[in-house]
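Chains A and B supply the protein sequences, listed in that same order.
Note that the working numbering numbers the first sequence so that position 680 is 680, with each residue one more than the last.
Note that the working numbering numbers the second sequence so that position 153 is 153, with each residue one more than the last.
Keep in mind that the hints were calculated from the coordinates and are not lab data.
Check each hint, because a few of them may be wrong.
Stated by the list, open to error - With a cut-off of at most 27 Å between alpha-carbon atoms, the simulated DSSO-like pairs for lysine-lysine come out as follows:
1) B:K97 x B:K55
2) A:K785 x A:K669
3) B:K6 x B:K97
4) A:K669 x B:K97
5) B:K97 x B:K79
6) B:K71 x A:K669
Stated by the list, open to error - Partial list, computed: chain A residues near chain B (C-beta under 8 Å):
7) A69
8) G158
9) T195
10) Y196
11) A311
12) V317
13) M374
14) P379
15) L382
16) D423
17) E424
18) P454
19) F486
20) F489
21) V673
22) S674
Claimed, not checked - Covered stretches of chain B (chain A as the covering partner; in silico rule of three or more C-beta atoms under 8 Å from a C-beta of chain A):
23) 18-30
24) 53-60
25) 65-76
26) 82-94
These numbers were taken from a predicted model, which means no experiment stands behind them.
We put the CB at the ideal spot given by N, CA and C, even for glycine.
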Amino acid sequence: MAAQPKTLPADQPSYLEGGGILGWLTTIDHKRVAVMYLVSALFFMALGGFEAMAIRVQLWRPDNHALSAATYNAFFTMHGTTMIFLVVMPLLLGFFGNFLIPLQIGARDVAFPRLNAASFWLALVAGILLHLGWIRGGLPDAGWFGYANLTERYFTPGLAIDWWVIGLLVSGASTVLTGLNFLTTIIAMRAPGMTYMRMPMFMWSLMVTSILILIAFPALTIGLIFLLFDRFFGTHFYVASAGATPILWQHLFWLFGHPEVYIMALPAFGIISEVIPTFSRKPLFGYPMMAYSICLIAFLSYGVWGHHMFATGMGPVADSAFAITSMLIAIPTGVKIFSWIATVWGGSLRMTTAFYFALGMLIEFTVGGLSGIMHASAPIDLQQTDSYFVVAHFHYVLFGGVMFTIMSAFYYWWPKITGRMLDERLGKWHFWLTVVGFNLTFFPMHFLGMWGMPRRTYTYGADMGWMRLNQLETIGAFILGIAFLFFYFNLFKSVASREQAPADPWDGRSLEWSTPSPPPAYNFATIPQIRGRDAWWILKYGHAGSRGVAAYMSGQAPSQPQPSQPASVEDIHMPAPSIFPLVLSLGVGMMGLGLIIDWYRIILIGAAVAVLSIVGMGFEYADFGEESHDPEHAPSSGGVDVRKIGMWSFIGSECVFFASLISTFIVYKSRSVSGPGPQILNIPLTSFSTFILLMSSLLMVLALAATQRGDKRWERIWLGGVIAFGLIFLGGQVYEFTSFYHEGMGLTTNLFSQSFFVLVGFHGAHVAIGVLWLSVLLAAAMTGKLGQSRALSVELAGLYWHFVDVVWIIIFTLVYLMQAVPGA
Amino acid sequence: MERYEKAFLSACAAVLVIFLCALGYSSVAMNVHLPSHSGMIYCNAGQKLRKVLLKTPPFDHTGVKEIAPGKYQAVVIAKTWAFTPNEIDLPVGAEVKFIATSADVTHGFFIVGTRVNMMLLPGQISELDYRFTKPGEYLMICHEYCGELHHTMAGKVVVK
Chain A
1 MAAQPKTLPA
11 DQPSYLEGGG
21 ILGWLTTIDH
31 KRVAVMYLVS
41 ALFFMALGGF
51 EAMAIRVQLW
61 RPDNHALSAA
71 TYNAFFTMHG
81 TTMIFLVVMP
91 LLLGFFGNFL
101 IPLQIGARDV
111 AFPRLNAASF
121 WLALVAGILL
131 HLGWIRGGLP
141 DAGWFGYANL
151 TERYFTPGLA
161 IDWWVIGLLV
171 SGASTVLTGL
181 NFLTTIIAMR
191 APGMTYMRMP
201 MFMWSLMVTS
211 ILILIAFPAL
221 TIGLIFLLFD
231 RFFGTHFYVA
241 SAGATPILWQ
251 HLFWLFGHPE
261 VYIMALPAFG
271 IISEVIPTFS
281 RKPLFGYPMM
291 AYSICLIAFL
301 SYGVWGHHMF
311 ATGMGPVADS
321 AFAITSMLIA
331 IPTGVKIFSW
341 IATVWGGSLR
351 MTTAFYFALG
361 MLIEFTVGGL
371 SGIMHASAPI
381 DLQQTDSYFV
391 VAHFHYVLFG
401 GVMFTIMSAF
411 YYWWPKITGR
421 MLDERLGKWH
431 FWLTVVGFNL
441 TFFPMHFLGM
451 WGMPRRTYTY
461 GADMGWMRLN
471 QLETIGAFIL
481 GIAFLFFYFN
491 LFKSVASREQ
501 APADPWDGRS
511 LEWSTPSPPP
521 AYNFATIPQI
531 RGRDAWWILK
541 YGHAGSRGVA
551 AYMSGQAPSQ
561 PQPSQPASVE
571 DIHMPAPSIF
581 PLVLSLGVGM
591 MGLGLIIDWY
601 RIILIGAAVA
611 VLSIVGMGFE
621 YADFGEESHD
631 PEHAPSSGGV
641 DVRKIGMWSF
651 IGSECVFFAS
661 LISTFIVYKS
671 RSVSGPGPQI
681 LNIPLTSFST
691 FILLMSSLLM
701 VLALAATQRG
711 DKRWERIWLG
721 GVIAFGLIFL
731 GGQVYEFTSF
741 YHEGMGLTTN
751 LFSQSFFVLV
761 GFHGAHVAIG
771 VLWLSVLLAA
781 AMTGKLGQSR
791 ALSVELAGLY
801 WHFVDVVWII
811 IFTLVYLMQA
821 VPGA
Chain B
1 MERYEKAFLS
11 ACAAVLVIFL
21 CALGYSSVAM
31 NVHLPSHSGM
41 IYCNAGQKLR
51 KVLLKTPPFD
61 HTGVKEIAPG
71 KYQAVVIAKT
81 WAFTPNEIDL
91 PVGAEVKFIA
101 TSADVTHGFF
111 IVGTRVNMML
121 LPGQISELDY
131 RFTKPGEYLM
141 ICHEYCGELH
151 HTMAGKVVVK
């Protein structure tokens, strides 16, 4: 951007202005999407908080019946599910992440704005689906981690768990899309000069979190898909009498579940690493170590899930391994705590509410971290598993660590987001009430847990001696409730006030403070050039200022650089709004709804709506393109197109998806109690279709080459060839499935058949989607719309196609060929 | 590297070594072992797990049995929402091997104030050794949420 800054009318509209209701429904502006996440999360936070207080009321005294047992069970299930999936993640990723990623890396929007809007609407649909039990079938009531086999239809009939399964599947899809979007954005859209080691720490944490999302969520998706098949189609993935073992759910769930803890904690670590330097007026201590420790935590978090399962009897080897990895993960976390303390040390502190909450987080999170290390030691963990001690531990982590951070982030970034300050005096009240209420509620839980009080218990006997502390906790919960009233009131008061917040109220360090509060829709009039860490600080004070407090203390006044002024607003083209993300999510919601209330017409309509809106988005894309993909605005991608980075991220996520399916198959293939086994497989036939599929990859390469050199004729021929070969493969699969069916092996026959059909069937679905995708490309080629300039579209489809083929090679080897080897 | 940094790293290493030594000591010298699963219960086609269980030793005779002088085994079946047996009587100082499983959903088996804490999974046999050295009445609860009346699922261990 060589455009020279020139003065424009001061009343440049902020992103919040204009558009009306329709403007919000069709928006794909990352800041508006963020605000919608905020509104839905604030609603669900009130709901989840209400559930928590109801739980505490029920536990006020022994043998209490303030709630019915069924309501109590539904409330603790929905409290956990709501707070994790509908409050904390939407706030950290959807709200702060969405709002700040482009602003902190100097971009105008995220990499895929339409996808971003779709993520929000899907998240909202998931939230609604999870709560439709209020209307029909009852709220989900199997605990937030819904241990199988209690969730089987035999043990929990009715619709409650159905809502939970479908709701979480949709929520998972939304989160994976967000992760993919964020990862691509941070890799590819950084402003010129913003190297990885110059990114704000919040960006580091979000980048690593996105990777964690991509590799962790597929495990949950697979676990939920098995449960869905069990509940709706009569399979036995978690049924012991069929030879299966419910522990499969625990492995899949915690393989997702422990990284999930860090998906919530890492962004919080990032936020704290922004707030503390700002209010200490010092650069973040040990920046490289902070970045590396985030990576190390993410890496280790994928190998510690077993510490949730010490009581299941995994055996000494697995137990020791998980104990050691769980202790190791304390080291990078400790590095972070000490670095934050070192950042505060010797700083010129400004005791704002945001900073209060940040310091509170340091203390409360350390308490939670310490009880976490206790859990790492397997023998100690045994006295704590499923007791109230665990409840204390994870609330110290998730409330003390994460919620305190979220509050800090609210006070810190609210002026940027709304253009209004939050009241500091109310904020201090909010802080102290939170600290008192929080510790009063959760600290006694440590003792109750050691005295034997289990979690999720509806009530307790008078002879247990648990009453006094429970009453203390209930009082604490109400104080916490009052604290939240202060918070909501503060938000309300600030939005209602007319006082304009300055652009840079805290003397901030990162780029978002260079924009007006609230920023205009396009964020930056001119894309800034980054010269070091703390980019905005350097712009204000020069490099010397970034070295520490010295420059400030020596009385060197800030030079007051102008917040970035629009160069020429007409030159900035933001992607056009679109209704399709909303429509797509409605379609997905209808599919889920139809499946649950057993109304197949709704499923079909929903599917049609979803497919049509994807096609619609495709047309929009072809018409307008996404301006944020302008290479000029994406200088950090090293010449790789964002869509390609997105595709690779997606493929990485799919690897875990298939790995989970394949491992389940390997565990289950020989555990059937009856019926046909692997010998039923027709290896000659499948070898033939494998050959066809591999050949189709070759044709795909030829098709791409033809497109790249602009050869329209061969482009069509090769594309047609790939589609034909794909169809032959699918035909072979249909033949194979029907012949198995006639030989007496259906989906529900035994463990072998269900793992086989689900694995191979999901692969087949991937091939079918590939064929559809290529058909669209072929149609475009036929009408002359493809051609050299759009070779990338063919390349993307090719990447996907090759990936699906590679997966098939693995499946063919492990599922088919291994059976041909005697003794395998 | 600065002196403080070195000191800090050594302290970290020392803590880690102490942790690992404590783990080793507790498992070797104090004979603290984690629950392990000693076997599976397989059903044939069409059989119900809880019926198979009644015919599978040792679960065909639940309760406490002296298997050697001073050595006992306690066989427990967890079922929605009770333990069979609901009361286990043991002499002080006896070494007892708990053998337990679930007949329907995933249950917990926790004796408060001890490290006897096992998750009971349907189709899997869990075992744990423990010695009660103090007389008294111990609460034995299911702490894995198992349905509507989960909170009523409790029994006791009486050590005399």
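Okay, the hints, checked on the actual structure:
1. About 20 Å separates the Cα atoms of K97 (chain B) and K55 (chain B), which keeps this hinted pair within 27 Å; it holds.
2. Between K785 (chain A) and K669 (chain A) the alpha-carbon distance is near 47 Å, which puts this suggested pair outside the 27 Å criterion.
3. In summary, the hint linking K6 (chain B) to K97 (chain B) is not supported, as the alpha carbons are separated by about 48 Å, beyond the 27 Å threshold.
4. A threshold of 27 Å between alpha carbons decides the hint, and for K669 (chain A) with K97 (chain B) the separation of about 33 Å lies outside it, so the pair is violated.
5. For a cut-off of 27 Å, the pair hint linking K97 (chain B) to K79 (chain B) stands: about 20 Å separates their Cα positions.
6. Taken as a hint, the K71 (chain B) and K669 (chain A) pair is broken in the structure, with Cα atoms around 40 Å apart against an allowance of 27 Å.
7. Below 8 Å, beta-carbon pairs count as interface contacts, and A69 (chain A) has one with chain B at about 5 Å; its hint therefore holds.
8. Hint on G158 (chain A) is violated. Least Cβ distance to chain B is approximately 12 Å, over the 8 Å limit.
9. Interface hint at T195 (chain A): violated, since its Cβ lies 26 Å from the closest Cβ of chain B, which is beyond the 8 Å cut-off.
10. A cut of 8 Å between beta carbons decides the hint on Y196 (chain A): the least distance to chain B is about 24 Å, and the hint is violated.
11. Below 8 Å, beta-carbon pairs count as interface contacts, and A311 (chain A) has one with chain B at about 4 Å; its hint therefore holds.
12. Because the smallest distance between the Cβ of V317 (chain A) and any Cβ of chain B comes to about 11 Å, over 8 Å, the interface hint for this residue is violated.
13. With 8 Å as the threshold, the beta carbon of M374 (chain A) stays out of range of chain B, its nearest partner Cβ sitting at about 11 Å, so the hint is violated.
14. A least Cβ separation of about 5 Å between P379 (chain A) and chain B falls short of the 8 Å threshold, and the interface hint therefore holds.
15. Because the closest C-beta pair between L382 (chain A) and chain B is about 4 Å apart, less than 8 Å, the hint holds.
16. For D423 (chain A), the interface hint is violated, since its Cβ never comes within 8 Å of a Cβ in chain B; the closest pair sits about 41 Å apart.
17. Hint status for E424 (chain A) relative to chain B: violated, with the closest Cβ pair at about 36 Å, above 8 Å.
18. Contact between P454 (chain A) and chain B, as hinted, is supported at the beta carbon level, the nearest pair being about 3 Å apart and thus within 8 Å.
19. For F486 (chain A), the interface hint is violated, the least distance from its beta-carbon to any beta-carbon of chain B being 34 Å, above 8 Å.
20. The closest approach between the C-beta of F489 (chain A) and any C-beta of chain B is roughly 36 Å, which is over the 8 Å cut-off, so the hint fails.
21. About 5 Å separates the beta-carbon of V673 (chain A) from the nearest beta-carbon of chain B, less than 8 Å, and the hint is met.
22. The restraint placing S674 (chain A) at the interface with chain B holds, with a minimum CB-CB distance near 3 Å, inside the 8 Å limit.
23. Coverage of the segment 18-30 of chain B by chain A holds in this model, with 6 residues showing a Cβ closer than 8 Å to a Cβ of that chain against a need of three.
24. A stretch counts as covered by a chain when three or more of its residues have a beta carbon under 8 Å from one of that chain; for the segment 53-60 of chain B and chain A the count is 0, and the coverage is violated.
25. Counting residues of the segment 65-76 of chain B whose CB lies closer than 8 Å to any CB of chain A gives 0, so the stated coverage by that chain is violated, three being the minimum.
26. As drawn, the segment 82-94 of chain B meets chain A at 0 residues by the rule of a beta-carbon pair under 8 Å; below three, the given contact is violated.
In the structure shown, a violation is registered for the earlier hints numbered 2, 3, 4, 6, 8, 9, 10, 12, 13, 16, 17, 19, 20, 24, 25 and 26, in ascending order.
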